[in-house]
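Q: Make the full structure from the sequences, and use the hints.
These protein sequence lines are chains A and B, in that order. For the first sequence, the working numbering assigns the number 1 to the initial residue and increments by one for each residue that follows. For the second sequence, the working numbering assigns the number 1 to the initial residue and increments by one for each residue that follows.
Derived by calculation from the structure, the hints in this document are not laboratory data. Be a bit skeptical, because a hint or two may be false.
As the list claims (entries may be wrong) - Calculated lysine-lysine pairs in the DSSO-like style (CA-CA distance at most 27 Å, straight line): (1) K58/A to K11/A; (2) K77/B to K11/A; (3) K70/B to K58/A; (4) K6/B to K58/A; (5) K52/B to K11/A; (6) K23/A to K70/B.
None of these values were measured; they are calculated from a predicted model.
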Amino acid sequence: MNKEQFLNQLKRSLSGVPETEKKDILYDYEEHFRSGMENGQKEEEIARSLGNPRVLGKSYHIESLLDESRGGRRAANVLRALFASLSLGFFNVIITVPVFAGLLAGLIGLWAGAVSLAVTGVAVILAVILQPLLPAFITLGGLSIPFLIFASIGISALGLLSLIGMWKLSQWFFKIAGKYVQFNLRIIKKQEARA
Amino acid sequence: MNVQFKKGVLELCVLVVLCRRDYYGYELVHTISENIDIAEGTIYPLLRRLTKEEYFTTYLRESEEGPSRKYYQITEKGQTYKEDLLLEWTHFVSSVNNIIQKEEVA
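A: Shown next, in the form of structure tokens:
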């Protein structure tokens, strides 16, 4: 068998291997023949020591298939990661989002309560101060002025306290929400790392 | 010698040879086939696989005769892998020798 025959047989047994790879593989043997001939070997001699080109082609074939299955596994992993984050997303939509929305609505309600308490306190003080100036618009409902002053101080203080309390509660709420988002991201990242 | 066994050992031989310096294909094949009787062509699939696994890198360099040659160079990853294989090999050989010696004494 000469160089031409050897390379042709090898080429034929490589059918199915991607074209660029086939070229690369054949290049190695062409170079081997060239170097051998520079060393004074005959084509037939070189072909004989290289071995059966069909057997060689088969061993490349097996490796190319192995590569494909490795690639396939990678794709499956990516798919699994995608699926995991999707199912995480599903869980979030069904359970977490409603729970957080409910809590947020509650929070907003409490804020409204705290704000109205504070506003009420201030309004009562203003009413007491402004009543002599605008008697046509403001009536004190027959309540005594000292009572109203103390009541307004009490209500304002209560409103201020609940505003401070709400501020703390909101900070705490958003911190937990942030932690939950980070926890989600970590899970997704972990899935990606595994893929 | 058993073909599969030879193939496994071949991997170690190629790694050890390339630890010395960079070789081009024909030269490397010859260094090995001088000592081990094997179809020379089987070394190229092996080189290709080990290159894909990043144990070697390749580069082209002009030869004195003219056309360029593909040289194989071992990577750091390849060197670590060679050390591991070598350790395994030494351990394996000494175990086999132990068995042989015990049997001969008995």
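Q: Each hint: holds or not?
A: Hints versus structure:
1. K58/A to K11/A: holds (11 Å)
2. K77/B to K11/A: violated (32 Å)
3. K70/B to K58/A: Holds, because 23 Å separates the two Cα atoms, which is no more than 27 Å.
4. K6/B to K58/A: Between K6/B and K58/A the Cα gap is close to 18 Å, so the pair holds against 27 Å.
5. K52/B to K11/A: Roughly 21 Å between the alpha carbons, so the hint for K52/B and K11/A holds.
6. K23/A to K70/B: Roughly 14 Å separates the two Cα atoms, so the pair holds.
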